[in-house]
Amino acid sequence: MTTAARVASAPPIDRRTHRRDLMRQMLLIRRFEERCVELYSPQQIRGFLHLYNGEEAVATGLMAALTSRDAVVSTYREHGHALARGISAASVMAEMYGRVTGCSRGRGGSMHLFDAATRFYGGNAIVGGGLPLAVGLALADRMAGRPVVTACFFGDGAVAEGEFHECLNLAALWQLPVLFCCENNLYAMGTAVERAQASTDLTGRAASYGLTAVGVDGMDVEAVEADAHAAVESVRAGHGPYFLELRTYRFRAHSMYDPDRYRDKAEIAKWRERDPIDLLEARMRAADELTDADMATLDGEVTAEIEAAVTAAESAPLEPIEDLTRYVYSEVPR
Amino acid sequence: MTTTYREAIREAIRAEMRADDRVFLMGEDVGRYGGCFGVSLGLLEEFGPERIRDTPLSESAFVGAGIGAALGGMRPIVEIMTVNFSLLALDQIVNNAATLLHMSGGQFNVPIVIRMTTGAGRQLAAQHSHSLEGWYAHIPGIRIVAPATLADARGMLATALADPDPVLIFEHGGLYNLEGELAEDAGSVDIETAAIRRPGRDVTVIAYGGTLGRALAAAEHLATDGVEAEVIDLRTLRPLDDVTFLGSVRRTHRAVVVDEGWRSGSLSAEISARITEQAFYDLDAPVARVCSAEVPMPYARHLEEAALPQPQTVIAAVRGMGL
Chain A
1 MTTAARVASA PPIDRRTHRR DLMRQMLLIR RFEERCVELY SPQQIRGFLH LYNGEEAVAT
61 GLMAALTSRD AVVSTYREHG HALARGISAA SVMAEMYGRV TGCSRGRGGS MHLFDAATRF
121 YGGNAIVGGG LPLAVGLALA DRMAGRPVVT ACFFGDGAVA EGEFHECLNL AALWQLPVLF
181 CCENNLYAMG TAVERAQAST DLTGRAASYG LTAVGVDGMD VEAVEADAHA AVESVRAGHG
241 PYFLELRTYR FRAHSMYDPD RYRDKAEIAK WRERDPIDLL EARMRAADEL TDADMATLDG
301 EVTAEIEAAV TAAESAPLEP IEDLTRYVYS EVPR
Chain B
1 MTTTYREAIR EAIRAEMRAD DRVFLMGEDV GRYGGCFGVS LGLLEEFGPE RIRDTPLSES
61 AFVGAGIGAA LGGMRPIVEI MTVNFSLLAL DQIVNNAATL LHMSGGQFNV PIVIRMTTGA
121 GRQLAAQHSH SLEGWYAHIP GIRIVAPATL ADARGMLATA LADPDPVLIF EHGGLYNLEG
181 ELAEDAGSVD IETAAIRRPG RDVTVIAYGG TLGRALAAAE HLATDGVEAE VIDLRTLRPL
241 DDVTFLGSVR RTHRAVVVDE GWRSGSLSAE ISARITEQAF YDLDAPVARV CSAEVPMPYA
301 RHLEEAALPQ PQTVIAAVRG MGL
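Quick mapping for you: the protein sequence lines, in order, are chains A and B. The working numbering applies: residue 1 is where the first sequence begins, and numbers increase by one. The working numbering applies: residue 1 is where the second sequence begins, and numbers increase by one.
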């Protein structure tokens, strides 16, 4: 199936408007993280900061295929997932600043963004640790008869973890509505996939558990969205779990501490030629759907949104120290 | 009515499942087999395979799935065969169940109940016999309970299921056949407080779970020699009800802690420290501890018996205080 054919099967909406929305979303993620890097050096943001730079098409395309009732389980590289899911830039930025207005009240930081309103069940910083949660969320939905899909993000590194295999087996055995989203960016921190996986055929390995497994060009946001739509439809229709391998690449280092000594500069440059934002921009320009002025407008909008988020975060209150031990146990009469 | 610890737990599960559709039981061999210790025998027939759910041997996946199901509005009871096997699910219990409420700034609580067998005494050697509940009691965000009586075996589950946060129930393997009388209308009990199981004036013996019976046996023997031991059943290991045991120590002026866990870095060390911190000037003797020998639990009966706290070793500890 070609990309064009897949897009054609997506819900009928104005193509230019939809592409513009996808572009705006990817730009927001890109600019948001660039701003985070700037704020890291003067120590406004601390801790680990794992950038999604280069992978924006994955979160953007995937989230476009979900409804608000669906659930999302994410990883520690989840700024893009959170923003694309609809958590506000202000709420995520405040969390980066460790403020009480942050989406986790400053208790999670970059790696642990949570939001009940959008059913965003966190940044999980244990590789593979989110998969069992996703299986359980899906089990609850199935037992309650809710037509809901749980999208579970993890990286290629998780495929080497026991929990990956336990959870694909369990979800397939019980035919649970989980969409497993493997973001294969070719590196588990500094370890290349071929140095860690006896077989790098990740879709083949997932398929061995008896679920549908499809590889997707993770740099093409429309391809991601189309395959995600098909996957979500299948899962929602009760055909059991589904596995998407989203083939992508992070342009920057693993975290702010990473000197990136394990990757060839030429390899990074080659992947940058397939920058997801550039790809969509070229496609839109070729179809006369985007002008320089449009692009400048979009960039201006997202930059303003991010600057407002930064300004709000800088003046936002901190959680009072007296509340340090709140939320260890629920505050109910016992 | 006459019942057993095993039957009391089964009746508790049955009653909660009848009362609340959100409650279900999940674990290895809980269904068709009837539970590796027979606790869930007959429940599959009453509730069916959706709610009495046999899992593959994947502790991390099914414990984590229980956590996810709890997040999704269900009230799962997850059974792990033994505490030693729970180490395969330690990531999910410690990194998810215990942390999600806090990491999410209060947005996501995890109302899961995890039951598991603990303790030695059945010649099952070093991978089925350890007492690691003290380890779990180290972790903020979870509640740890250890029923030692029929009433608690029957009553703690309902309270644990009603709790909005994760509760781990440690059932001592040596207690499943414990038989006795239980009131027909026995129901939920608190999981907050320790209980004085035997009043006494001369020494406080603090025990829980599988060691309660041994502490009581020691107390009966001591009584024949005129030494009256007060026996405390901790019941809940986290949060600890130190008001009850400190109050007792202030009356008796002596304390012996009995714990099937190892001595080093243990629950008994925590209790001893709290007594020393808060009741030091009430003590007539240093706090004594009776713990398991610092070895992986051996198989041979005589070695296992020697490794465990016994009534005689509790008596010796009391005698060592000049009583």
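Be careful, since some hints might not be right.
Simulated restraints on C-beta separations [said to hold, decoys possible]: (1) B/Leu-90 x A/Val-332: 20 to 30 Å; (2) A/Gly-162 x B/Pro-239: 28 to 38 Å; (3) A/Gly-162 x B/Glu-277: 33 to 43 Å; (4) B/Asp-185 x A/Ser-330: 20 to 30 Å; (5) B/Pro-56 x A/Tyr-262: 48 to 58 Å; (6) B/Gln-278 x A/Phe-48: 50 to 60 Å; (7) B/Tyr-299 x A/Phe-48: 53 to 63 Å; (8) A/Gln-43 x B/Leu-90: 27 to 37 Å; (9) A/Ala-116 x B/Ile-196: 36 to 46 Å; (10) B/Arg-32 x A/Gln-175: 14 to 24 Å; (11) A/Gln-43 x B/Phe-280: 39 to 49 Å; (12) B/Gly-180 x A/Pro-317: 29 to 39 Å.
No wet-lab data here; the hints were simulated from the structure. Even for Gly, the Cβ is constructed at its ideal location relative to N, Cα and C.
Q.
Please list, smallest to largest, the hint numbers that this structure does not respect.
A. 5, 6, 7 and 12
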